[in-house]
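Protein chains in written order, with this note's numbering: chain A, 12 to 363; chain B, 961 to 1215.
It cannot be assumed that every hint is accurate.
Quick list of simulated restraints, FRET-style, between CB atoms [said to hold, decoys possible]:
1. A:T319 / B:L973: 39 to 45 angstroms
2. B:G980 / A:G212: 53 to 59 angstroms
3. B:L992 / A:P112: 21 to 27 angstroms
4. A:T281 / B:S1091: 44 to 50 angstroms
5. A:T281 / B:E994: 30 to 36 angstroms
6. B:V1039 / A:L85: 58 to 64 angstroms
7. B:R1063 / A:P112: 42 to 48 angstroms
Capping the alpha-carbon separation at 25 angstroms, the derived lysine to any residue pairs in SDA-like fashion look like this [stated by the list, open to error]:
8. B:K1197 / A:P167
9. B:K1197 / B:A1090
10. A:K22 / A:A36
11. B:K1197 / A:D306
12. B:K1197 / A:Q114
13. B:K1197 / B:N1157
14. B:K1197 / B:L1165
15. B:K1197 / B:V1213
16. A:K22 / A:A308
17. B:K1197 / A:V214
18. A:K238 / B:R963
19. A:K22 / A:M185
20. A:K22 / A:R81
21. A:K238 / A:G309
22. A:K22 / A:L200
23. A:K238 / A:D306
24. A:K22 / A:L312
25. A:K238 / B:V966
26. B:K1197 / A:Q307
27. B:K1197 / A:A36
28. B:K1197 / A:R162
29. B:K1197 / A:P112
30. B:K1197 / B:G1171
31. A:K22 / A:R139
32. A:K238 / A:Q307
Worth flagging that the hints you see were computed from the coordinates, not collected in a lab. The C-beta atom is built at its ideal place from N, Cα and C for all residues, glycine as well.
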Amino acid sequence: MKADPRRAAQKRADRVRAFRDELSALRDEEASPLSPEQEAAIAAYHERLLARLAVEFDVDRSARSGQLSRGLRLASFFGAATLVAAITALIQRFWGGLTLPAQVTLLTMFPLVSIAGVQIAAERERTRYVASLMALVALGTAWVAILMTARLLDIPFSALLLWPGAAFGMALAMSYCFRWVLAFSLASLVVAVASVFFVSGGVPWTVLFERLEPLGGAALVLTVMAKHFAAAGEAFEQTARLTALTMLLGTVLVLASVSGTSLLAFAPSTTLMLYQTAMLAVCLIVLWRRLEAGDQAGVNLASAFLATFLFIRYVDWFWQAVPAWAFFLILAAGAFASIALLRRVRARLETA
Amino acid sequence: MSRLIVAALVLLLGVGSLLGAAAWNRGGEPQLIELTERELELPWSWENGRDDDDAELRLTFRWQLRAEPQDARVWLSDVTLRALGFGTGVPAGAPEAEQVYGRSLPRIAWVAFEYDGPAWRMIEQRRAMASPERHGAEPAAASRLVPIDAGLDPAVLRRRHATATTVMMPAIVHMRYAMDPAQGPSVWGWVPRLVANDVSVPYHLRERLRGLTRPVRAAVANADGEAPVPAPRYSVKLGVGRLGAVWIEDVRVRD
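Modelling step: build the complete structure from the supplied sequences, incorporating the hints.
Dropping the structure here:
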């Protein structure tokens, strides 16, 4: 597995910070086994290490700078989304006044200029906040270019248009490890693959959002294939897995909750019951596998879907049947029961 | 930079493929037909006084839906529906019919549309007989584009309907099930959507439609309930290519 050097550097910096905090606490409690000279030597080494990591990877050296980094990432995402919206609105406002060649040229130029922006930003800043913003803008404008060109040429919006958009996004994501770009591109790839099922049967591809099994099947294939993304980087494997799991669990959740979204020819109530059983099983399997793999993000995702599913089931079964006070009382009792259960599991883990 | 060249090439290849597909679509022997304002309608947003005159202009298709069960079966028989891939084995009166046909998936098919031909005149006559008092208000504004046949092979349809006033376009065919207390249960097919529901007006033709706004339908009928007959204000020469993608060849404003 190819580790992401910046993530590895940040993990090391976090460990140094934790070590310093603990050493300070031990010193206050007069329990530090280190002599002042040893502490000074370690502190000097850590200073040099942090300075080097900061120069090479621009790591966050304190908790506060970590929070600021998360804010920067959020701002990058927001900036990219609004920039693409501005370009799209500009296109729609003045589009009719241009000839077709001018329109197609301009549409193609937007993502190409953004790609150049990615390169320039990646060369100038180590954190790649601006580069990732430019990458998201490149992805958004590429989709606008493909969809608008098809519209201008009166080529109907078909699933075939998803392939070049997904391929562009994958190539862009691979260039400098842009995780959000990869996630969007993989999601569109899953939709494109699922559409083949319907298109090959002469059914409009948009039906895949009404009958969800092919979408779930394509997401399951990506879940199984996610480990192969490790060759492109540790972060890519996790991004691919989280994207696939989000789509898979989301699909099964809708199938288990909304009648008429399945291709199965059973009675709607039978189909719902079938998928409710499947949802429970899939959530538990994913939880177990992610716990085994020590994947905290995967565990959180599966837990969130399981909680949402159980809540929907609970509301569906009991909201009409029991009075409101009893409804919420049972919920509270469930929360206390889960606390007791988790405490017991934790105690068992600690003694093991 | 080399890392990003792949992405740039993929984009150029994608846009190039679209241009190639459009060129291929228009090659060969495209179908050409002249339609009017009744069949290709201006959008509400056109010439509406807002400051968006440079936005693109797209005309929306209108056609006779033929959504009544008896009329639908005239042109979209069980045999045709089966040929399109629909299952028609369950009788309309069977207990499971509602579930089977209600959940039936739509299909993409080539549909032959006849413009201002015998099918339209039959519809016009039937409507006149059904409600003579309302007859005056509708036909003037109603689309005269009528679906008359459907199939999976456009070449076969073109041979079968080789007239200048018939055009084959890809459309989305749905099955419908309804329970009428008087007439009992019915199952039939209909075409609620075309694959391309609208078509863009090229830049050089757009100016010809300046000054025209979409008419308000309610204003068509006069005080006596009898409508004046507003003639279509423009006609459009429409092309349909090998891929089924449509385009506008020419726009002519009528005197």
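Hint check:
1. A:T319 / B:L973: 39 to 45 angstroms: Once the Cβ atoms are compared, 41 angstroms apart, the range 39 to 45 angstroms for B:L973 and A:T319 holds.
2. B:G980 / A:G212: 53 to 59 angstroms: Taking Cβ atoms as reference, B:G980 and A:G212 lie about 27 angstroms apart, which means the hint is violated.
3. B:L992 / A:P112: 21 to 27 angstroms: With Cβ atoms ~24 angstroms apart, the hint holds.
4. A:T281 / B:S1091: 44 to 50 angstroms: 46 angstroms, holds
5. A:T281 / B:E994: 30 to 36 angstroms: 53 angstroms, violated
6. B:V1039 / A:L85: 58 to 64 angstroms: Since the Cβ atoms of B:V1039 and A:L85 sit about 59 angstroms apart, the hinted range of 58 to 64 angstroms holds.
7. B:R1063 / A:P112: 42 to 48 angstroms: 46 angstroms, holds
8. B:K1197 / A:P167: Between B:K1197 and A:P167 the Cα gap is close to 19 angstroms, so the pair holds against 25 angstroms.
9. B:K1197 / B:A1090: 33 angstroms, violated
10. A:K22 / A:A36: 21 angstroms, holds
11. B:K1197 / A:D306: Violated - the C-alpha atoms of A:D306 and B:K1197 are around 61 angstroms apart, more than 25 angstroms.
12. B:K1197 / A:Q114: Cα-Cα ~23 angstroms, so holds.
13. B:K1197 / B:N1157: Within the cut-off at roughly 16 angstroms; holds.
14. B:K1197 / B:L1165: 11 angstroms, holds
15. B:K1197 / B:V1213: Distance ~12 angstroms between B:K1197 and B:V1213 Cα, so the pair holds.
16. A:K22 / A:A308: Holds, at about 16 angstroms.
17. B:K1197 / A:V214: 30 angstroms, violated
18. A:K238 / B:R963: 23 angstroms, holds
19. A:K22 / A:M185: At roughly 22 angstroms apart (the allowed maximum being 25 angstroms), A:M185 and A:K22 satisfy the hint.
20. A:K22 / A:R81: 15 angstroms, holds
21. A:K238 / A:G309: 13 angstroms, holds
22. A:K22 / A:L200: 32 angstroms, violated
23. A:K238 / A:D306: Holds, because 13 angstroms separates the two Cα atoms, which is no more than 25 angstroms.
24. A:K22 / A:L312: 22 angstroms, holds
25. A:K238 / B:V966: 23 angstroms, holds
26. B:K1197 / A:Q307: 61 angstroms, violated
27. B:K1197 / A:A36: 84 angstroms, violated
28. B:K1197 / A:R162: This hinted pair holds, its Cα atoms lying about 19 angstroms apart.
29. B:K1197 / A:P112: Within the cut-off at roughly 22 angstroms; holds.
30. B:K1197 / B:G1171: 20 angstroms, holds
31. A:K22 / A:R139: 18 angstroms, holds
32. A:K238 / A:Q307: At roughly 16 angstroms apart (the allowed maximum being 25 angstroms), A:Q307 and A:K238 satisfy the hint.
Violation of the numbered hints given earlier is confined to hints 2, 5, 9, 11, 17, 22, 26, 27; the remaining hints are satisfied by the structure.
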